[in-house]
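Chemist: Given next are the chains, with one letter for each unit.
Protein chains: 2
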Amino acid sequence: MRRLRLNFCFASSLASAGTVLLVVAAAIAQQPIGVPVPPLANGPFLFDTAEQHKIRVSVVAKGLEHPWSLAFLPDGSMLVAERPGRLRLVRDATGDAKLDPGPIAGVPTVRLIGNSGLMDVALHPRFAENKLVYLTYNKPGPNKQIATALARGRLENGALTDVKDIFVADWLPEDANGYNSRIAFGRDGMIYVSNGASNSDSAQDPKTHRGKIMRLRDDGTVPPDNPFVGHPGYRPEIYSLGHRNTLGLIVHPVTGALWNNENGPNGGDEINVILPGRNYGWPVASYGRKYEGPRVSEVPWREGIEQPIVFWVPSIAVAGMAVYTGDRFPAWKNNVFVGSMRTGEIPGTGHLERIVFNDKTEELRRETMLTELHQRIREVRQGPDGLLYLLTDEDAGALLRIEPAP
Amino acid sequence: MRRLRLNFCFASSLASAGTVLLVVAAAIAQQPIGVPVPPLANGPFLFDTAEQHKIRVSVVAKGLEHPWSLAFLPDGSMLVAERPGRLRLVRDATGDAKLDPGPIAGVPTVRLIGNSGLMDVALHPRFAENKLVYLTYNKPGPNKQIATALARGRLENGALTDVKDIFVADWLPEDANGYNSRIAFGRDGMIYVSNGASNSDSAQDPKTHRGKIMRLRDDGTVPPDNPFVGHPGYRPEIYSLGHRNTLGLIVHPVTGALWNNENGPNGGDEINVILPGRNYGWPVASYGRKYEGPRVSEVPWREGIEQPIVFWVPSIAVAGMAVYTGDRFPAWKNNVFVGSMRTGEIPGTGHLERIVFNDKTEELRRETMLTELHQRIREVRQGPDGLLYLLTDEDAGALLRIEPAP
Chain A
1 MRRLRLNFCF
11 ASSLASAGTV
21 LLVVAAAIAQ
31 QPIGVPVPPL
41 ANGPFLFDTA
51 EQHKIRVSVV
61 AKGLEHPWSL
71 AFLPDGSMLV
81 AERPGRLRLV
91 RDATGDAKLD
101 PGPIAGVPTV
111 RLIGNSGLMD
121 VALHPRFAEN
131 KLVYLTYNKP
141 GPNKQIATAL
151 ARGRLENGAL
161 TDVKDIFVAD
171 WLPEDANGYN
181 SRIAFGRDGM
191 IYVSNGASNS
201 DSAQDPKTHR
211 GKIMRLRDDG
221 TVPPDNPFVG
231 HPGYRPEIYS
241 LGHRNTLGLI
251 VHPVTGALWN
261 NENGPNGGDE
271 INVILPGRNY
281 GWPVASYGRK
291 YEGPRVSEVP
301 WREGIEQPIV
311 FWVPSIAVAG
321 MAVYTGDRFP
331 AWKNNVFVGS
341 MRTGEIPGTG
351 HLERIVFNDK
361 TEELRRETML
371 TELHQRIREV
381 RQGPDGLLYL
391 LTDEDAGALL
401 RIEPAP
Chain B
1 MRRLRLNFCF
11 ASSLASAGTV
21 LLVVAAAIAQ
31 QPIGVPVPPL
41 ANGPFLFDTA
51 EQHKIRVSVV
61 AKGLEHPWSL
71 AFLPDGSMLV
81 AERPGRLRLV
91 RDATGDAKLD
101 PGPIAGVPTV
111 RLIGNSGLMD
121 VALHPRFAEN
131 KLVYLTYNKP
141 GPNKQIATAL
151 ARGRLENGAL
161 TDVKDIFVAD
171 WLPEDANGYN
181 SRIAFGRDGM
191 IYVSNGASNS
201 DSAQDPKTHR
211 GKIMRLRDDG
221 TVPPDNPFVG
231 HPGYRPEIYS
241 LGHRNTLGLI
251 VHPVTGALWN
261 NENGPNGGDE
271 INVILPGRNY
281 GWPVASYGRK
291 YEGPRVSEVP
301 WREGIEQPIV
311 FWVPSIAVAG
321 MAVYTGDRFP
331 AWKNNVFVGS
341 MRTGEIPGTG
351 HLERIVFNDK
361 TEELRRETML
371 TELHQRIREV
381 RQGPDGLLYL
391 LTDEDAGALL
401 RIEPAP
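Quick note, the sequences are listed as chains A and B, same order. Residue numbers for the first sequence follow our numbering, so the first one is 1 and each next one is one higher. Residue numbers for the second sequence follow our numbering, so the first one is 1 and each next one is one higher.
Mixed in with the good hints there might be a few duds.
Intra- or inter-copy, both count: the list cannot distinguish identical chains.
To be verified - DSSO-like cross-link-like pairs, simulated, lysine-lysine; straight-line CA separation at most 27 Å: (1) 164 - 139; (2) 360 - 98; (3) 333 - 290; (4) 290 - 360; (5) 207 - 98; (6) 333 - 54; (7) 207 - 139; (8) 131 - 360; (9) 62 - 360; (10) 144 - 62; (11) 144 - 164; (12) 131 - 98; (13) 360 - 164; (14) 164 - 207; (15) 333 - 164.
Note that these hints are calculated values from the structure, not bench results.
Please model the entire structure based on the sequences and the hints provided.
Modeler: See the structure below:
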């Protein structure tokens, strides 16, 4: 019996030959949480939205395995980093979009653990001249240790050459958690690199890179004007501290400010404006609860901790972020888009979320979209064509394109 | 052209002859927020849910105008209060369910304003003996003033007789807001009555009934053991203070504790355990923002304020509450259900929400359901048949029944 999600269908055809699932009666206590989600159909999918109204979501490329991040190249093609350690090329990403079957050579060996492996990919601001591509990844070390590493190489003739680690964070035991890292180039020419902390207290510890956002020169060295340079007991790379798991890190295209988003555990996802030397509170001040139930902190705020500009309770497992500045979606101008991988700790509840701010960057409303696709959305970017591009964090992952529909 | 919400359909037939909407191209700036939601179809609707799996939602009665609350009678029929001021009878509500065309006589004249008019309906715990039914409503007064009133009468031979106001709160000008009131009988035999405050500061003012939960004897007089009896400057009816708009008020069927839920403005909906004499913070400590953007309070907590056990950011416009104690949905035992009328300030986003707690009443996860119906859900109750009954707060409102499906 084909087990469909019975309560919706799409304007276009349903999933092509799906898996035949045998529905076995199981004791209620043994039934898993979450609705078995059928594989993403071929699309395209038409949605009606609150202010921009009709949009079309197309599956631009399939067969990506837990794609983590994307970066557009000047010629309109796109790099996609796959968690297992492959860098892929989508040719003509804003047009016919063809995924090259073979990965781009030169990516370092990654260590897969939890939700990470190969993570972010970003181009140097002057890529057109220097061909530099930056990657973050879990670097395997001796005794099964792992470190977050920032590497860069030159993308030439379809391969990465001269690849070097320019920064390697602390080595950690393999059962440490919170391996995640995103990067963003600031208008100051520096590269900002996040490093996760998950449920450890290390985000408050100035002697470790865990749970921090770091600021480096584009060669990985420490800029002398970093906020803690010369402070005893502080790693000089640290720019801000008290972060849990940052899965979105961008420079706001209008203001130039550095924004992150980070996941709380059970509640407490945040968007923050990142300022030098500030403490963002994890885990001493959080809006969330531990997975087992107790509040992370007795109260959600304390003196000296920066408040988020947006937070979520329950969590949406926020990941990816883009500020829409294009002209293809007039009703979305300057709105912020984030991905959601899972809402309220219930599987199958990923979606795209849109946040509207007033001109003081105070939020007015939030719109949840694409829930019917049930995909974990990990990445959101605006393309050079002024459309939105998303990645789904699934075994059978996909690149999605959103465009307005008449 | 029939403007359907294109991205879903239901296992049963779609909406019967829907309204034909002419799609007129309008300047983007003039397009309203929210997706035009087609009228609720006839159903039934099949949904797959995270832990209880297949459920069927039936439209048990239609043609209710902004139904606000419901109460089951011992014979299995049901009283439904309609906002415009009518009390209705649904015969055999757990079976064939027929809505009596004529309202029940005897309801006082109500003043319609904002989202309220006739509000809550509840039976005296010993209704079987005394036939007493309690109502809250907006009482019209001289000079267009309005007061929240608690009335009771005897339900005999299909009519309310001997109807008297047993408690009338402060008279307010008609442009005051926050007219809402729910009632619950406690295990101590007292009646708990909430009174809204919306965006005024009066919830902190002990000299007014606004923004309070009050505790009265079943004849409306003040119990001598109320927490502020004898405190100068305090209205003696007050049980707890600092509430914004309480749209859910129940006695927890397992613990006997009094629980409320209340709406924040733009974020900050809460569930609270109500204890005597305590301050729940509105508007000096809130998780929400004002509709225009600024935070309601600089920080969301302060000393002396009770923390909610559950809160929502963004808001879901929470209303109605039931703790499931039946046996028809084994996976939902002791879960809390609340209605949502609107999420993130976007119209058309009402739903049913289920909250799972551990045995310390710490929340573990939250499941959003019935989003595809796009109905404002204002009331949730468990029926004597162990099923769930909901009311939709719509011009064309309905009574919904949820049952497990094979």
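Chemist: Each hint needs a verdict: does it hold in this structure or not?
Modeler: Hint-by-hint comparison with the structure:
| no. | hint | in the structure |
| --- | --- | --- |
| 1 | 164 - 139 | within (12 Å within a copy, 76 Å between copies) |
| 2 | 360 - 98 | neither (41 Å within a copy, 53 Å between copies) |
| 3 | 333 - 290 | between (36 Å within a copy, 22 Å between copies) |
| 4 | 290 - 360 | between (32 Å within a copy, 13 Å between copies) |
| 5 | 207 - 98 | neither (45 Å within a copy, 70 Å between copies) |
| 6 | 333 - 54 | within (16 Å within a copy, 40 Å between copies) |
| 7 | 207 - 139 | within (20 Å within a copy, 65 Å between copies) |
| 8 | 131 - 360 | neither (38 Å within a copy, 56 Å between copies) |
| 9 | 62 - 360 | neither (40 Å within a copy, 45 Å between copies) |
| 10 | 144 - 62 | neither (33 Å within a copy, 64 Å between copies) |
| 11 | 144 - 164 | within (21 Å within a copy, 77 Å between copies) |
| 12 | 131 - 98 | within (22 Å within a copy, 73 Å between copies) |
| 13 | 360 - 164 | neither (42 Å within a copy, 51 Å between copies) |
| 14 | 164 - 207 | within (25 Å within a copy, 71 Å between copies) |
| 15 | 333 - 164 | neither (39 Å within a copy, 56 Å between copies) |
The earlier numbered hints that this structure contradicts are 2, 5, 8, 9, 10, 13, 15.
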